[in-house]
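> Sequence:
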Amino acid sequence: MSASEERLVAATVGKVEPLNRPIVLVPYDPKWPSRYAALERQIRDALGSHALLTEHVGSTSVAGLPAKPIIDVVLAVENSANEDTYVPPLEHLGYVLRIREPDWFEHRMFKSPAIDGNIHVFSRGCAEIDRMLAFRDWLRTSDDDRKLYERTKRDLAGRTWKHVQDYADAKSVVVSEILDRAFGSRRPGATSA
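Residues in the sequence shown are numbered from 236 upward in steps of one, following our numbering.
Incorrect hints may appear among the rest.
Said to hold, decoys possible - Think about it this way: if two alpha-carbon atoms lie no more than 27 Å apart in a straight line, the pair counts; the simulated DSSO-like pairs of lysine-lysine are:
#	residue 1	residue 2
1	Lys250	Lys346
2	Lys382	Lys406
3	Lys303	Lys250
Said to hold, decoys possible - DEER-style ranges, computed between Cβ atoms:
#	residue 1	residue 2	range
4	Arg394	Pro323	22 to 30 Å
5	Ser239	Pro323	13 to 21 Å
6	Pro265	Glu241	37 to 45 Å
7	Asp390	Pro323	26 to 34 Å
8	Leu383	Gly283	39 to 47 Å
Since the hints were made in silico from the structure, they are not lab data. The beta carbon of each residue, even a glycine, is placed where N, CA and C say it ideally should be.
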């Protein structure tokens, strides 16, 4: 078992389900923002003031970008290690806790029941939230990097992957390059790439 697979097994709540096939990307669907809005309403209704931030992230949040048809949501709570404040209300709605990563920003990830979605939970002020939002915002404004990311995704998606996480890891070099440009554009005096 590779180190990457060992980390996945350790972080997964329940059984690890291998993919063992290519990734299916679909054209951008203009219904994705409304599906996100439905998830956001459910989360906010369940958590009330414990939901400090909810944002649509990932490829489904970028108009025109093909994606796996899974809505990614980032949710900030006061302390994601304190599961008692958010896990029971989400589970009551049928959300299933699938990932627990105490050594990576105390990340938790839920699958949603009715809408195919991944809810990524982090603590308030977590740097990973800033990274996810910067990546999304940059892809929304940079045609060149959106096209680069699309080409990368299409090239990698056609390969057979044991786990979806392997596909995500394979994109990391390009994601890092794009993030360098996104964060570089925020520096005082920086110009757009």
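> Going through the earlier hints one by one, which of them does the structure break, listed in rising order?
4, 5, 7
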